[in-house]
Amino acid sequence: MLTFVVRRLVGLVAVLLVLSVLVFLIFFATPGIDPARRMAGRNPSQQTIAQIRHEFGLDRSLPVQYVLMMKHLFVTRDLISYGSQTKVIPEITSAAPVTFSLVIGAAVLWVVFSILVGLAAAVLRGTVLDPILMILALIGISVPVFWLGEVVNLFTQSRWHGFFLFSWVPPLGYTPLTQNPLKWFEGLVFPWLTLSVLYVGFYARVLRANLIETENEDYIRTARAKGISERRVLLRHNLRTSMITFVSLFGLDLGVLIGGGALLTEVVFGLPGVGQLTYTSLSGLDLPVILATVIYGAFFITIASALVDLLYAWLDPRVRPA
Amino acid sequence: MAEPLLSVKDLKVSFRTEDGLVRAVDGISFTVHEGEVVGIVGESGSGKSVTMMSVMRLITDPNVIYEGSIVYKGRDLMGVSRDAMREVRGEEIAMIFQDPMTSLNPVYTVGWQIEEQLNEHYDLQKGQARRRAIELLTQVGIPKPEQRIDDYPHQFSGGMRQRVMIALALSCNPDLLIADEPTTALDVTIQAQILELIKNLKRDFGSAVALITHDLGVVADIADRILVMYAGRIVEEGNKEQIFYDPQHPYTWGLLGSIARLDRPRARRLTAIAGQPPSLINRPQGCSFRPRCPQAFDRCRREDPQLTAKVGDGHLDACHLSVEDKRARRDATINPELAETA
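Chains as they are written, first to last, in the working numbering: chain A, 1 to 322; chain B, 323 to 664.
None of these hints come from the bench; they were simulated from the model.
Each residue gets a CB set at the ideal place from its N, CA and C atoms; glycine is no exception.
Please note that a few of the clues may not be correct.
Said to hold, decoys possible - Short derived list, chain B residues pointing at chain A, Cβ under 10 Å:
hint: 1; residue: M378
hint: 2; residue: M487
hint: 3; residue: A491
Stated by the list, open to error - From the structure, some residues in chain A lie toward chain B, with a derived Cβ separation under 10 Å:
hint: 4; residue: E217
hint: 5; residue: K226
hint: 6; residue: I228
hint: 7; residue: E230
hint: 8; residue: H237
hint: 9; residue: L315
hint: 10; residue: R318
Produce the entire structure from the sequences given, and follow the hints as far as they go.
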């Protein structure tokens with residue numbers, strides 16, 4: 001266990017190092033990008049540009065610039081954004097709770113509902129309900145999340161807002177949990193539902209396929225031959241082994257979303273999360289913020305994949321180290 | 323004679339498919355008495371496994387159609403409820419499967435899997451199930467059972483896993499043990515050990531055994547009675563001596579001829595039965611074995627032979643040849659070199 005953690009931590013550091021160098025190089029190797037020019041505003045004089053260049057250390061050699069940037073990011077923690085001229089770290093620490101609130105809530109929804117839908121479809125196989133559920137799942141996967149979000153907003157925010165069902169929905173935006181838990185919850189209900197739709201559909205289909213595949217395994221027949229109930233065969237024998245794929249997908253999707261992948265949902269519902277931050281920094285070519293968000297994202301994806309490995313070993317004794 | 327433990331009467335099992343009705347088992351009747359070992363022999367697709375899976379009602383294919391009756395201890399299993407059937411499974415009739423590598427759930431310890439069955443059928447105190455599981459593992463010859471009980475199936479070898487399967491099957495002292503090709507997936511030395519184990523346990527537990535195999539060599543040692551199946555029907559039935567020393571059906575001859583034997587004067591090529599088993603959708607008219615039978619004559623084409631006793635007590639066969647013809651011809655198939663010297 002200890003060696004596992006140590007190995008993972010070393011791997012994490014290596015991944016972050018490689019990624020930060022790559023992002024840094026891509027940024028400087030891309031032609032037409034001159035951050036000093038961008039920061040200088042409209043029609044700047046050569047002098048102003050040179051001054052800004054000097055101020056931000058952009059006239060130093062690349063390795064020095066990289067080391068300086070890393071120092072400001074991790075050691076003195078006062079890396080300044082090229083765009084907003086504010087410190088990068090507080091921007092991320094204020095965006096992260098928004099993303100966490102959104103993604104973790106949606107994850108709970110999608111795990112619960114995809115297991116229910118997947119189990120129902122597998123059990124109802126051969127009836128008309130199975131294809132109906134699977135078509136619904138397919139629709140859920142296919143609906144673009146920004147469109148769905150806008151439609152949801154159209155109904156809950158304007159058209160039917162007066163209707164008693166939606167009158168409680170607060171205006172778009174985010175209220176911190178610590179400030180007002182009820183408002184936090186109310187504001188996130190529809191973002192959660194919207195974000196989870198895609199994943200419910202996808203996970204339900206994957207789970208159904210796994211359940212049906214496992215149903216043909218010899219050990220399921222053995223379980224029946226032992227005389228245990230169908231319900232127990234389904235839940236303790238079939239679902240238990242079918243969850244192995246589910247869990248490995250889940251860990252990675254969760255990592256990606258926490259790392260900023262919920263961008264569209266955040267934008268549509270006006271949630272100032274990491275996805276939005278990444279998006280604005282990318283469109284403004286704001287290297288310090290890009291670097292920070294990429295490292296933040298990579299951190300959570302690596303942590304998630306380490307957690308998946310642990311869960312995987314817990315679920316499947318065959319992959320446990322002897 | 324006492325009431326048989328299991329009595330199958332005119333069992334037909336068919337599957338609806340896109341190409342038509344597949345008659346996997348086509349009207350077979352047999353009995354298994356208490357403590358008896360019945361060998362069911364036939365090639366792949368002859369319906370042996372489907373027959374015994376039907377006894378356990380383990381076929382989950384929604385397209386299956388059953389006809390006939392399966393009477394176990396006076397109850398027709400075809401008619402009992404699902405819940406009542408669950409009590410029969412595992413507790414009264416238990417089953418061992420062909421491939422021990424895949425028949426145990428990979429994510430639970432072997433102890434968990436044995437205890438699950440015990441807890442399902444008995445009201446046990448905490449710790450009792452575990453003690454019983456250790457006892458069972460000891461009985462099937464697993465060394466250091468107190469430690470191995472917490473191991474997962476993948477930590478056992480094939481032979482050891484099959485021992486675990488046997489422990490699982492015997493955990494509730496079943497009256498009937500169905501062993502579906504229990505040795506097929508194992509290598510030869512392990513095969514012998516497992517057969518020896520089944521033989522001993524049958525003695526200790528007093529269970530009747532229905533042993534399904536495609537290898538007559540496997541049943542030679544332990545079966546009291548043998549059923550030979552071909553294309554979903556029984557073509558010959560008799561006790562061990564009758565089947566091995568006075569086989570009546572040309573298909574049985576073929577099976578006997580294809581056993582590798584070391585007690586013969588000189589090595590020869592193993593004879594195979596030519597051709598393929600018939601389609602179970604469109605059964606050929608007359609005898610099902612006729613297209614592959616070197617002894618076939620006119621009557622075989624016209625008339626479907628019935629399973630009847632022609633030679634003696636309890637020895638039934640479904641072949642039109644006269645007993646004299648059979649005795650004169652069979653050595654050519656079973657022991658070609660003996661036939662040549664004769």
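Structure-based check of all given hints:
1. Hint status for M378 of chain B relative to chain A: holds, with the closest Cβ pair at about 6 Å, below 10 Å.
2. Annotation: M487 of chain B was flagged as interfacial toward chain A, and the flag holds, the nearest CB pair being 8 Å apart, inside 10 Å.
3. At about 8 Å, the closest approach between the beta carbon of A491 of chain B and any beta carbon in chain A falls short of 10 Å, and the interface hint on this residue holds.
4. Residue-level restraint check for E217 of chain A holds (minimum Cβ-Cβ distance to chain B is 7 Å; threshold 10 Å).
5. For K226 of chain A, the shortest C-beta to C-beta distance to chain B is roughly 4 Å, which falls under 10 Å, so the interface hint holds.
6. Given the 10 Å rule on beta carbons, the hint for I228 of chain A holds: about 5 Å separates it from the nearest Cβ of chain B.
7. Because the smallest distance between the Cβ of E230 of chain A and any Cβ of chain B comes to about 8 Å, under 10 Å, the interface hint for this residue holds.
8. Annotation: H237 of chain A was flagged as interfacial toward chain B, and the flag holds, the nearest CB pair being 6 Å apart, inside 10 Å.
9. Of the supplied interface hints, the one on L315 of chain A holds, with its beta-carbon coming within about 7 Å of a beta-carbon of chain B, less than 10 Å.
10. Against a cut-off of 10 Å between C-beta atoms, the interface hint on R318 of chain A holds, since the closest Cβ of chain B lies about 5 Å away.
This entry satisfies every hint, going by the numbered hints stated previously.
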